[in-house]
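Asks: Below, each chain spelled out in residue letters.
Protein chains: 2
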Amino acid sequence: MALRVGLLGFGTVGSSFAEVLATSEAEVRITRIFNRDVERKKSHAKAKFVPAETIWTSDATEVVTADDVDVVVEVIGGLDPIEGWLQAALQAGKHVVTANKQLIAYRGSELIALAAEKGVQLRYNAAVAGGVPVIPGIVSGLSGDRITRISGILNGTCNFILSAMESGAEYADVLKKAQSLGYAEANPSADVDGFDARAKLCVLARLALRAELNPDEVPAQTISSVSAIDFAYAKELGCTVRQISRAERDGDGAVRARVGPMLVPKEMPIAWSHDTQNMVVTSGLFGGDVVFSGHGAGGHPTAVAVMSDVFTLTSGSGQVRFVAAKIEVNGDVRAPHYLRFIVKDKPGIVASIAGVLAEHDINIDALLQHRGHSPENLPFVVTTEPCLRSQLESAVAAMTRLDFMLEPPLVMQMLTSDDHPTD
Amino acid sequence: MALRVGLLGFGTVGSSFAEVLATSEAEVRITRIFNRDVERKKSHAKAKFVPAETIWTSDATEVVTADDVDVVVEVIGGLDPIEGWLQAALQAGKHVVTANKQLIAYRGSELIALAAEKGVQLRYNAAVAGGVPVIPGIVSGLSGDRITRISGILNGTCNFILSAMESGAEYADVLKKAQSLGYAEANPSADVDGFDARAKLCVLARLALRAELNPDEVPAQTISSVSAIDFAYAKELGCTVRQISRAERDGDGAVRARVGPMLVPKEMPIAWSHDTQNMVVTSGLFGGDVVFSGHGAGGHPTAVAVMSDVFTLTSGSGQVRFVAAKIEVNGDVRAPHYLRFIVKDKPGIVASIAGVLAEHDINIDALLQHRGHSPENLPFVVTTEPCLRSQLESAVAAMTRLDFMLEPPLVMQMLTSDDHPTD
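As you go down the protein sequences, you meet chains Y and P in turn. Residue numbering for the first sequence follows this note's numbering, starting at 590 and increasing by one per position. Residue numbering for the second sequence follows this note's numbering, starting at 590 and increasing by one per position.
Among the hints, a few may not be true.
Copies of one chain are not kept apart here, so a pair can be met inside one copy or by any two copies together.
Unchecked claim - List time: in silico EDC-like cross-link candidates among lysine to aspartate or glutamate, alpha-carbon distance up to 20 Å:
1) 635 - 806
2) 915 - 614
3) 637 - 614
4) 824 - 755
5) 824 - 782
6) 933 - 950
7) 707 - 782
8) 824 - 856
If you're looking for bench data, these hints aren't it; they were derived computationally from the structure.
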C-alpha cells in the first residue's frame, strides 16, 4: 500500500515536492494538504501535480492526526504553531519529515525523544543545505568516524552576496540585486546576521559532534560590515571572504563555535563555493576532511531532500539514532585575525594601534595599506598571529576610543590550511 | 547485546577497522578473524586493538557460518574465493559488510537478491571512494531525485599521478614515485588502465542511475599515454587532465559510459581534486549537481566506511532497496575531443590531418602548436567540435597510417561546463 502523506504548506517547497513526487515511481500519495488560503493555492501552477482526490484544508489539525495520513511533511518553517502540530502528529503515531531548521535546532531534542518514544521517525535532511545530502552523509556514511569539526557555507544568500562582492561591488548594491532576484528577503537580517546559519550549524553539531548546542549561544557576526575594500585586502593575502559556520570539539570536550564573515585561503575547498551554493566540510579523526557541496536552497533541491526522506520511509528503513549531550558553546576561538581600520590619517596611528595590540598581548603578523585612498578616510589592515577572540575584542574596544578612528574596526577570523580542530 | 563481527582479512583495512572500532562507543565486538597467516598477523602493530578472546583462524569457513557471528565484514578483495564465502554467510543469515568493489560490480545483483531473500543486509559503502560517503549520500539523500549522470575521480592512484604531472613531470617518473610511496602497485594496470575505476563506476550506476552495467562493456582508456606535453596544451585550453569515470542516462534510456583521461576545465569542481583524493559529482533533474570529495582510499578512511555500515546495523536500521534494470553500455559518447599528434615535420601535415577529419565529418575547433620542439619529433594538438567517439576513432585509424605520424595519436574527451546529460 502506498505511503500516505499529509503535506503542511504548499509554497515553493511544498509545490515542488508535489511535482517531484508526481514524476517519481515511489509508492507515495498525498492525501491531505494544509495551507491557509486553499483557494489561492488550488490555482497554483503546480497544483496540477496534486491528485484530484487529495483533500485541501486550511485547518492543520485535519492533517496532523488524520487516519489517512502515515507521514506528515512540514515545509512551512518557524517554531510556532509548527511545534505543536508536529508534536500532535508524533503523538498520533505519524512519521514526520520536515525542512524546518529552526524547529530542529531549538526543539530537536524534545521532538527526537518523542518520536523515539512513539516508535516513529523524525527525518529532517532538508533542514540543512537543501539538496546537498550532508545529513545522510554524516548519519549513514561517517557515523564510524569521530568528527572533530564542521565548517560550512550554510547560507546561500550570504554566499551569493559575498561571492558577487569578489568582483568589486559594494555590499548594499549586491544586497539589492539579491533581493530583486528573490535570493534575499526584504528584511535580510536572518540571513546576513547569521541567525539562519547558526541554527543549521547546531543541527549539524548534534549529528556530527554529538553535541546539543543552544543556537542563541553561538556568536553570530553580520556580513553587512564587510566592504569591497576587504576583498581587495583579502586577495592580497591569498584569500576571499565567506560567511563561515564553524563548530569544533575542543581538547576538553567543549565546543567552540562561531558564525560570521571569515577570510578563507583560495586553495581551501571552502573557497570554491560560488553563488547560492552551500558547502560543508567535516573533519574526522580517521577519515580526514570530507567535502559536500551543491544547491542549498530553492524549491527543487529542498524538495529532493524531503522526497528522499519520504522514499526512505517507504523502504521500511529504520533510523540511526545518536546520543548527543548538552554542551555549552564557547565562542572564544583562538585563530589569526584580520583587522580593518578606517582612520583619519595623522602621524603615530600605527604606533597607537600597535601599542594597544601589544598591551593585549597580541602579535602583529602583517600590516597592509593600499595606495590611492584619501588620508581623510584611510583604510588599512592588520593581521595578527593566533590569539583568542576575547583578547582581540578588548583590544578593539580600546582602539575604538582613539580619536583618529572613524568607525569601529572590522574583525574577521582567518582560516588557515593547517587549521587544527583544537589548540 | 553487542553485534558480533566476523572479520575476513587483517591487512591495512582490517587492522584499521579493529583500531577504529576500539576507539568507538558502538556496541560491536570482533569475535572471529580470518587471515591466511594467523601467527604473522597476531604480531601486527594493530593486533593490540583486537580483544584477547577473539578467535583467529586461517579457515574462512570457521568465520562465515559461525554461531557467534552476526555480521561478516570482508576486507580482502577479489572475486574468488570471496564470492563463495559471502554467499555462505548470507545463506547462513548473516549480514555482510564489504569493501569489495569488484565483487559488487560483477556479482552485486545476485548477492543483493540473496540478501533480500534471506532478510539480511548487504552493505558496501566502502566499495567506492573509501571514506567519502557517496553511496550513503545517493541512497539516503538523493533517492528522491532522478540522477541523470555521475562523473567521478574514482581512482586515487591515477589522481596522484595526473595531479603530480601538472607541474611538468613525466608519467614514468611519477609512477615510480607513486610506487615508492605505496600509492601504486608493482603492476599498476588495474589502476592506470581504468579497470578499478570502471568497477566503481558500475557500483554507483546501479544506485544512482538504477542501471545494472557490465563493467567489461565500459570502455577504459589508459592514462599511461598522457605526457607532460598534454598538460602544457591542456593549460593553454584552460584545462587540466584527470582520469574521469562517467556514466549518463541517454535520452532513450540507454547509458553512455567511459573511463579514461579527459580534459577538465579548471573552473569545474572535478578539477579541484588533488593527490590521492576522490570526487564524485552527481547531476540530478531536480537537485542539480552535488559534489562529494575526500580521501578515497587508505586504511583509516576505508575503515570509517566499513565501521559506519556496521554502526548502521547496530541501530537496527533497515536497508533502502532500489530496483535496477540491466542496461547495455554505449561507449560512443558525443563530445568535443582533444587529439595530440607526434609527427616528423614536413609541409602539408595540417592539410592531411584536416582532410581526414573532414572526410569523417569532424569539425576542427582549434589547432595548437607550441614553439621550441624539434621538427623531427613535433607535438601538436587539434581540438574538435562535438563528435561521436566512433567517428573520431575511425579518423584516427586512418591517420595512424600517414607516413609522418611517429606514434598513434592520443585522443581525450573534453568535458565542458555546459555539459548536458544527453545530447
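Asks: Next, verify each hint and record whether it holds.
Replies: Hints, one by one, checked against the model:
1. 635 - 806: neither (40 Å within a copy, 41 Å between copies)
2. 915 - 614: So residue 915 and residue 614 pass the 20 Å test across copies only (18 Å; inside, 41 Å).
3. 637 - 614: So residue 637 and residue 614 pass the 20 Å test inside one copy only (17 Å; across, 50 Å).
4. 824 - 755: Close inside one copy (9 Å), not across copies (24 Å); limit 20 Å.
5. 824 - 782: neither (23 Å within a copy, 41 Å between copies)
6. 933 - 950: Classified as neither: same-chain Cα gap 26 Å, cross-chain 68 Å, threshold 20 Å.
7. 707 - 782: neither (37 Å within a copy, 53 Å between copies)
8. 824 - 856: both (12 Å within a copy, 18 Å between copies)
Violated hints, listed in ascending order, are 1, 5, 6 and 7; each of the other numbered hints is respected by the structure.
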